[in-house]
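Chemist: In the order they appear, the protein sequences are chains C and W. Quick note on the working numbering: the first sequence kicks off at 1 and runs consecutively. Quick note on the working numbering: the second sequence kicks off at 1001 and runs consecutively.
Hints in this document: simulated from the structure, not taken from any laboratory. Even glycine gets a Cβ: it sits at the ideal position worked out from N, Cα and C. Just to be clear, a hint being listed does not mean it is correct.
Listed next, the stretches of chain C that the computed footprint assigns to chain W, with coverage defined by at least 3 CB atoms under 8 Å from CB atoms of chain W [to be verified]: (1) 21-30; (2) 40-50; (3) 56-70; (4) 73-80; (5) 134-147; (6) 155-166.
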Amino acid sequence: MGSGKSHRHKKIEEDFLAAYDENANALFRHCFARVRDRELAKDIVQETFTRTWEYLAEGKQIGHLRAFLYRTLNNYLVDMMRKKRPVSLDAMTEEDGFEPADVPELPAEIREEMEEAVRLLSRLDDMYAAVITMRFIDEMKPSEIAHVLDVSENVVSVRLHRGVKQLREFWKERLLARPSTTRVQTPSDT
Amino acid sequence: MDMNNKEHMKEIENTFEAVRDVSLSNVERETMKKNVRLFMAEHPLKQSRIQRFLSRMRTFRIGLTISPVHIPHVRPAIASLFILIFVGASTSYAAEMALPGDILYPVKTVVNENVVSALAFSEEAKANRSATLALRRLEEAGALVVKGRLTASAREEIESRFEKHVEDFEMRTDLLARQERKIEVAVDAQSFLEAALKAHASALIEFSVVRPETEHELRSILAAVSDRVNTVESARTASERTIAIKVGEDIRERAAAKRRTVENEIAHSRSSARQTKAPQADTAVMTAVTASQGATTTSPAPDLILEALNAGSAKFEEGRYGEAFTAFQGALRAVQQDKLKHNARERLKLDDISGLPSHAMPQEKANKAQGAPVDMIQEDPGGVE
């Protein structure tokens, strides 16, 4: 990047690359949890950064870069899911959809839990999956989620509440579906 | 959350914890960064004329996409004023009719409503303002459902704002109810909001009965209203218990004033009914007829209103002014509910859709309305004990 750049342009580039260093992993994690495919998640994260840069390159300003990155990522995911929807996420079952096998260093137990988490997320409605991922995986505060999604904190609370409710239902279904020997014991079982 | 749910949540959180360990390898991260750098080199930054202009503005920073206007360190009221000037009076006026999903809706809720709220100084005025805004959200829900535009996001927007306004109302009326000389003011506000919420809910339920495809769209809003009716009603009842034991000249005057208000309201209601001459206009009278025939009704019957009024008068004559006040308040609430329900039905064009006024709703439909998700549509007996 040429030497004749203004101080302001240099500052923007530095800030952007710093934002990459700070957020690439978190964005990848968020994306992986939602698309269940490591390579696809990498592509989407890269696309998120290039789209954000394009926006800056047009001379537009971004107040909160991290929030903007998450919003861009989320919009991209929503568009992608919408296009994919006819195939149905239900079809991406544990047998054929989730492929974390290309992460050989993960212990089997953790891999199993990861599979479980992304399966649960994939069953949620998109709007709930986004806030649940941001809250429980990205560990973002509701105020930050509200900023990313450009909705009020109350809306985030409502979505979180409903998303968790759906998750609990899915979780109960899974417990019931498990063979009795492996079923997790709950207080009501005793 | 019971133990079972807590256990489930713990399990779910543990499951998500495993995903938190997912990360890019160093090679993956550096490869991606290299690609991003290449893209940056191919797409250098440029500066628009607007940006050059905006960069000179040191005081305000305007982010055209992230948020409409970002003004750090500026007090909200001043910011509102700035936006009001920025968007212009005509936009602000046009925004008054906006509904969730419309471009101007944020101007209505963020600018107009905040500016008006900022002008309310007393707790009483602020409580009434919150009640007005809560009811406005329900009117918006009604307008959207009539137009077939009550989407999930619009519902969420309305519900969250509705909850916020009622919470604010409850907090302020609670403060008022703790002051001996303001408790009647609190009851007045609580009683009105309770009547209005019941009226709106009743009309919306009726709408969902005649247009069954909207039942699902309205369900969560009606459930939220139902919850709030219960909390507002409980608070009102608690305040009335304190008033009921009051004695002295002050409460006597307040009770007498309340009786005059009820009498005026009833007279006004009868006069409007005579003027319109529409079969459904005198809903109070028609409801009484329906009730006497054993049919289900969703509005308070006029004989119950008169009963509450007479009960209040009897207590007044006995010198039990506090109890008289609450009885009159009950009668007033019943009249208000009837009037507000009539207005809400008109806004929902219910007579046009169903072809039947509320009192003439077939028994089957009326029963269905009573079995709807909220249990608030029964007539208000007017607080007669």
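Chemist: Does the segment 73-80 of chain C contain three or more residues whose Cβ lies closer than 8 Å to a Cβ of chain W?
Modeler: violated (count 0)
Chemist: Establish whether the coverage given for the segment 56-70 of chain C by chain W is satisfied; the threshold is a Cβ-Cβ distance below 8 Å, and no fewer than three residues must meet it.
Modeler: holds (count 11)
Chemist: Okay, the segment 40-50 of chain C and chain W, do three or more residues pass the C-beta test at under 8 Å?
Modeler: holds (count 5)
Chemist: According to a criterion of three or more residues whose C-beta lies within less than 8 Å of a C-beta of chain W, is the segment 134-147 of chain C covered?
Modeler: Coverage by chain W holds for the segment 134-147 of chain C (3 residues, Cβ < 8 Å).
Chemist: Just to make sure I understand the rule, a stretch counts as covered if three or more of its residues have a C-beta closer than 8 Å to a C-beta of the chain. Does the segment 155-166 of chain C meet that for chain W?
Modeler: Satisfied; 5 residues make the cut.
Chemist: Cut-off 8 Å, C-beta pairs, minimum 3 residues; does the coverage of the segment 21-30 of chain C by chain W stand?
Modeler: Check passed, 5 qualifying residues.
Against the hints set out earlier in the document, a violation occurs for number 4 only.
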